[in-house]
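All chains should be built: construct the whole structure from the sequences, respecting the hints.
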Amino acid sequence: GQSLEQPSEVTAVEGAIVQINCTYQTSGFYGLSWYQQHDGGAPTFLSYNALDGLEETGRFSSFLSRSDSYGYLLLQELQMKDSASYFCATVSGGYQKVTFGIGTKLQVIP
Amino acid sequence: SQTIHQWPATLVQPVGSPLSLECTVEGTSNPNLYWYRQAAGRGLQLLFYSVGIGQISSEVPQNLSASRPQDRQFILSSKKLLLSDSGFYLCAWSTPGTGLNEQFFGPGTRLTVL
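Here the protein sequences come in this chain order: A and B.
Residue numbers for the first sequence follow the numbering used here, so the first one is 1 and each next one is one higher.
Residue numbers for the second sequence follow the numbering used here, so the first one is 1001 and each next one is one higher.
Hints in this document: simulated from the structure, not taken from any laboratory.
This structure is a prediction, so every number in the text was calculated from the model and none was measured.
Quick reminder that beta carbons are idealized off the backbone N, C-alpha and C, glycines included.
Treat each hint with caution, since some may be false.
Claimed, not checked - Some chain A residues well away from chain B (every beta-carbon gap over 10 Å; in silico):
(1) Glu14
(2) Ser69
(3) Ala84
(4) Thr99
What the hints assert, rightly or not - Among the chain A residues that face chain B by a calculated CB cut under 10 Å, a handful are:
(5) Phe29
(6) Ser33
(7) His38
(8) Gly41
(9) Ala50
(10) Lys81
What follows is the structure, given as structure tokens:
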């Protein structure tokens, strides 16, 4: 089966750094993705990790540890526009299947 | 460039009525196609995915069904809607064989069952 766990809500201050953790149990695991969704909108892709380690894309970084079935999304220099829900998602089933977590609602405060 | 369309944008249906939501993709061939449902304030639940015409994988047993009559067309249907079918329905596509499986989402259909 597939299951993912991530915190439901996180609050952080503008300009600060926040880390959103994700643990998973996924058969046939290939990689871990992160998506951002603003209220009322559709999710948009942020990053993907297939190998252990840190991937950096601008202010956002994503980490994966396959042995620990664990990953995180790191957001630096937080801006108000970063207030959104963030979903981790596992890729499995021969790269065909994507299973999303419940999402972490990030609130950035002044 | 690739685009994905979903319609209708919003829908209000009575319990027991049928449902048909349509999703089409332009600008790509043989995409993987997906239907997700998102309840208010909740995560995305994978309902169906398809790797080709007529090939449908169902993730959650329920009163919904999906069909892929054409390469870039994906349809979500129900014969009789339940109250619990209310939610935000998202169609997505990805390019097969990349290993990344980056999902590109449509604008969604907000369904309310009364």
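Each hint tested on the structure:
no.: 1; hint: Glu14; in the structure: holds, 24 Å
no.: 2; hint: Ser69; in the structure: holds, 18 Å
no.: 3; hint: Ala84; in the structure: holds, 13 Å
no.: 4; hint: Thr99; in the structure: violated, 6 Å
no.: 5; hint: Phe29; in the structure: violated, 12 Å
no.: 6; hint: Ser33; in the structure: holds, 7 Å
no.: 7; hint: His38; in the structure: violated, 12 Å
no.: 8; hint: Gly41; in the structure: holds, 8 Å
no.: 9; hint: Ala50; in the structure: holds, 7 Å
no.: 10; hint: Lys81; in the structure: violated, 19 Å
Against the hints set out earlier in the document, violations occur for numbers 4, 5, 7, 10.
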